[in-house]
Amino acid sequence: MPLPLGYPQPLEELIRSLRRLPGIGARTAERLALALLEWPEADLQALGQSLSTLRARLHPCTQCGNLADTPLCLICANPQRQTELICVVETAAQIPVIERCGSFRGLYHVLGGRLAPLDHRGPEQLRLAELHQRLAAGNVREVILATSSDVEGEATAAYLAMDLQRPGLIISRIASGVPVGADIGFADPATIAIALRARRNLG
Amino acid sequence: MSFGGAAPVALVKLELAGFRSYQSLAWPVPPGVTLLTGANGAGKTNLLEAVHYAALLRSFRTRNLQELRRWDSPGFSLVATLGGDGLTRQLRVTQQQERSLQVDGVPIIRASDFINHFLAVAFIPEDIGLVKGPASERRRFLDILGSQLDAGYLRALSEYNQVLRQRNALLRQYAQFGDRALEAFDQQLVAFGAAIIQRRLLLVEELRPELEESGRQFFGDGSLLARYTPVTGTESGLETLTARLFDLLVKNRDREKRDGVTLVGPHRDELLLTLDTRPLAAFGSEGQCRTTALALRLASYRLLQRQAGDQRGLILLVDDVLGELDAVRRRTFLDLIRQCPQALITVTTADECAPWADQVVTVHDGAVN
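Read top to bottom, the protein sequences are chains A and B.
As numbered in the numbering used here, residues 4 to 206 make up the first sequence, in order.
As numbered in the numbering used here, residues 9 to 377 make up the second sequence, in order.
Just so you know, these hints were derived from the structure itself, not from any lab.
This structure is a prediction, so every number in the text was calculated from the model and none was measured.
Hints may be right or wrong, so weigh each one.
Said to hold, decoys possible - Take a look, some chain A residues computed to stay more than 12 Å from chain B by CB distance: (1) E15; (2) L24; (3) L37; (4) L57; (5) T94; (6) A198.
As the list claims (entries may be wrong) - The calculated lysine to any residue pairs, modelled on SDA-like cross-linking and capped at a C-alpha distance of 25 Å, are: (7) B:K259 x A:M165; (8) B:K265 x A:P126; (9) B:K21 x B:R77; (10) B:K259 x A:A164; (11) B:K265 x B:A289; (12) B:K265 x A:Q128; (13) B:K259 x B:D229; (14) B:K21 x B:L65; (15) B:K265 x A:E127; (16) B:K259 x B:V269; (17) B:K259 x B:G186; (18) B:K265 x A:L57; (19) B:K265 x A:L17; (20) B:K259 x B:N169; (21) B:K265 x B:Q170; (22) B:K265 x A:M165; (23) B:K265 x A:L121; (24) B:K21 x B:T237; (25) B:K21 x B:Q170; (26) B:K21 x B:Q31; (27) B:K265 x A:G156; (28) B:K265 x B:T250; (29) B:K265 x A:A164; (30) B:K265 x A:D122; (31) B:K265 x A:A29; (32) B:K21 x B:T96; (33) B:K259 x A:D166; (34) B:K265 x A:L37; (35) B:K21 x B:R346; (36) B:K140 x B:R97; (37) B:K21 x B:H125.
By construction, the Cβ of each residue, glycine as well, lies at the ideal position given by its N, Cα and C atoms.
Whenever a hint applies, use it, and build me the whole structure from the sequences.
Here you go:
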């Protein structure tokens, strides 16, 4: 959609770039651009610097594939973490989600995607060699598969369960079921069925 | 909640903007049997199509959404208001570049959470394809009916279709993916596939008495039967179905790799229709096939009415079907739907059918009188 208002070229470029961000519509992009125009020169320079060097300063952690600005990411470099436990996730963006719960003290491994033949993404496109290397080093006791619970995520987990098997290694899958804090009356039948199948013994 | 004497749930209002021939329309939809008359091209079928779309987010005429908007409009909007039983509910579809859905003003992301707030069954001339057409048409008939009765059916179906698409894509690029990746998709294919087969077996069993009754009413003595014939056989235990489907996958593995497509599963199954044990697709006359299609739709309508109609509202849509029936069957059909709580029927001239209707309305020039 062409912009209806006749802004000069530099502003129009900025608005168009901001609109590409998730959750930003035409009006918001306009407001953000005009707000930036009011910023002190030094702040604008700093923001520009952050943007232009963002890619150069970040790279995947050499061990787990998480985002890092040092060879090892903050999690892998932390001596407090339990190195015998690895949680496998699809993307680096899922790590903060799990970190926020505060109860996982192990390490991660980022696959960099999932099995999706329709998008021509197969095992070759996943960071599996790196994971095998880490397992071969010997002190990992358990791998937790935390891929999504949709078709592609489940297929990826099934693939990994076969591919990672080795003596003495526990391979587990995160549970799915009734959301915590929710009334069971609002859960859909498929969720209930899964929750029933994965019930725990309390007796 | 149901109160004594409260009206059953029904469609009470239909509002259209930029939909087909309608620039703007607000029509209070009457309860009971309504005949829609008017010249060809007046827009009678468009009203039925709009109701069908509000119920199922699918037209019975086209898959191309562009055809649903009026020629001079960039998109369309459609509001269906349900009432009765102490409840009002407003379903809104707005189609511009993208489709947005709302129920009572609350945005709905997934189509599966929007559809089947009320139930619609359409009788259309193309229904003959249910009998004469390829098996895919009969599977779609079962799948839509199953989804109307049970949201779990729809979920299993959409998951199955997603696994199937991924697995077929994998088979086409088998050399790059290998056996292990294929097996990773097999587990879900078998699980969802068996769930669908089981639900279809159950559904056809529930449909059987309704179909037998409709068959008797239209064919007299003739015995009309629908038999679902899944590749796994008809033993309905989920574990058995899962195991059999898995065996068949293994057995067909080499062929699947060669053909690059999934060869066994509910996406290939048939619903066999027979009249006095003779398969109708091959041996039925034109008239028998039309009547069978009508009997199938009527049976599905009755099943929905029995199982869900009271709570959600059920509307019968009949487009141009009456003209194709002989006088006796037309009268039988009209007798059978006489008692239904809400029906919209298009006819070119109302005279003959008027005695069966609660009201006759005229559609003319984008307006309903």
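Taking the hints in turn, this is what the structure says about them:
Interface exclusion of A:E15 from chain B stands, the closest Cβ pair being 21 Å apart, more than 12 Å. Every CB of chain B lies more than 12 Å from the CB of A:L24, the least distance being 18 Å, so the non-interface label holds. No beta-carbon of chain B is positioned within 12 Å of the beta-carbon of A:L37; the least distance is around 26 Å. At roughly 30 Å from the closest C-beta of chain B, the C-beta of A:L57 stays outside 12 Å, upholding its exclusion from the interface.
No Cβ of chain B comes within 12 Å of the Cβ of A:T94; the nearest lies about 19 Å off, and the non-interface call holds. With a least CB separation of 14 Å from chain B, A:A198 remains clear of the 12 Å interface cut-off, as annotated. Distance restraint check for B:K259 and A:M165: the Cα-Cα separation of roughly 21 Å lies within the 25 Å cut-off, and the hinted pair is therefore satisfied. For the hint linking B:K265 to A:P126, the alpha-carbon distance of about 18 Å falls within 25 Å, and the restraint holds.
For the hint pairing B:K21 with B:R77, the CA-to-CA distance comes to about 20 Å; that is within 25 Å, so the pair holds. Between B:K259 and A:A164, the direct Cα distance comes to roughly 23 Å. Compliance with the 25 Å bound is thereby established for this hinted pair. Pair hint B:K265 plus B:A289 does not hold up; C-alpha atoms about 32 Å apart against a cutoff of 25 Å. Taking the CA atoms of B:K265 and A:Q128, the gap is about 21 Å. The hint holds against a cut of 25 Å.
A C-alpha spacing of about 43 Å is found between B:K259 and B:D229, which places the hinted pair above 25 Å, so the restraint is violated. A hinted pair counts as satisfied when its Cα atoms are at most 25 Å apart, and B:K21 with B:L65 qualifies at roughly 17 Å. Of the supplied pair hints, the one linking B:K265 and A:E127 holds, its CA atoms being roughly 19 Å apart against a limit of 25 Å. Between B:K259 and B:V269, the direct Cα distance comes to roughly 14 Å. Compliance with the 25 Å bound is thereby established for this hinted pair.
In summary, the hint linking B:K259 to B:G186 is supported, as the alpha carbons are separated by about 17 Å, within the 25 Å threshold. In summary, the hint linking B:K265 to A:L57 is not supported, as the alpha carbons are separated by about 45 Å, beyond the 25 Å threshold. Restraint check for B:K265 and A:L17: not satisfied, since their Cα atoms lie roughly 50 Å apart, outside the 25 Å limit. Between B:K259 and B:N169 the alpha-carbon distance is near 21 Å, which keeps this suggested pair within the 25 Å criterion.
For the given pair, B:K265 sits about 19 Å from B:Q170 by alpha-carbon distance, which is consistent with the 25 Å threshold. Only pairs whose Cα atoms come within 25 Å are accepted, and B:K265 paired with A:M165 is accepted, the gap being roughly 21 Å. For a cut-off of 25 Å, the pair hint linking B:K265 to A:L121 stands: about 16 Å separates their Cα positions. Simply put, B:K21 and B:T237 have alpha-carbon atoms about 41 Å apart, too far for the 25 Å limit, and the pair is violated.
As the CA atoms of B:K21 and B:Q170 are separated by approximately 36 Å, the hinted pair breaks the 25 Å bound. The hinted pair formed by B:K21 and B:Q31 meets the criterion: a straight-line CA distance of about 16 Å does not exceed 25 Å. For the proposed pair B:K265 and A:G156, the alpha carbon gap of about 23 Å is at most 25 Å, so the pair holds. Only pairs whose Cα atoms come within 25 Å are accepted, and B:K265 paired with B:T250 is accepted, the gap being roughly 21 Å.
Between B:K265 and A:A164, the direct Cα distance comes to roughly 23 Å. Compliance with the 25 Å bound is thereby established for this hinted pair. Our distance criterion of 25 Å between C-alpha atoms is met by B:K265 and A:D122, whose separation comes to about 19 Å. Distance check on the hinted pair: B:K265 and A:A29 sit about 48 Å apart at the alpha-carbon level, beyond 25 Å; violated. A hinted pair counts as satisfied when its Cα atoms are at most 25 Å apart, and B:K21 with B:T96 qualifies at roughly 11 Å.
Note on B:K259 and A:D166: the hinted pairing holds, with a Cα-Cα distance of about 23 Å set against a maximum of 25 Å. Between the alpha carbons of B:K265 and A:L37 the distance comes to roughly 58 Å, so the proposed pair goes past 25 Å and is violated. Distance restraint check for B:K21 and B:R346: the Cα-Cα separation of roughly 22 Å lies within the 25 Å cut-off, and the hinted pair is therefore satisfied. With a C-alpha separation of about 39 Å, the suggested pairing of B:K140 with B:R97 is violated against the 25 Å cut-off.
Between the alpha carbons of B:K21 and B:H125 the distance comes to roughly 15 Å, so the proposed pair stays at or under 25 Å and holds.
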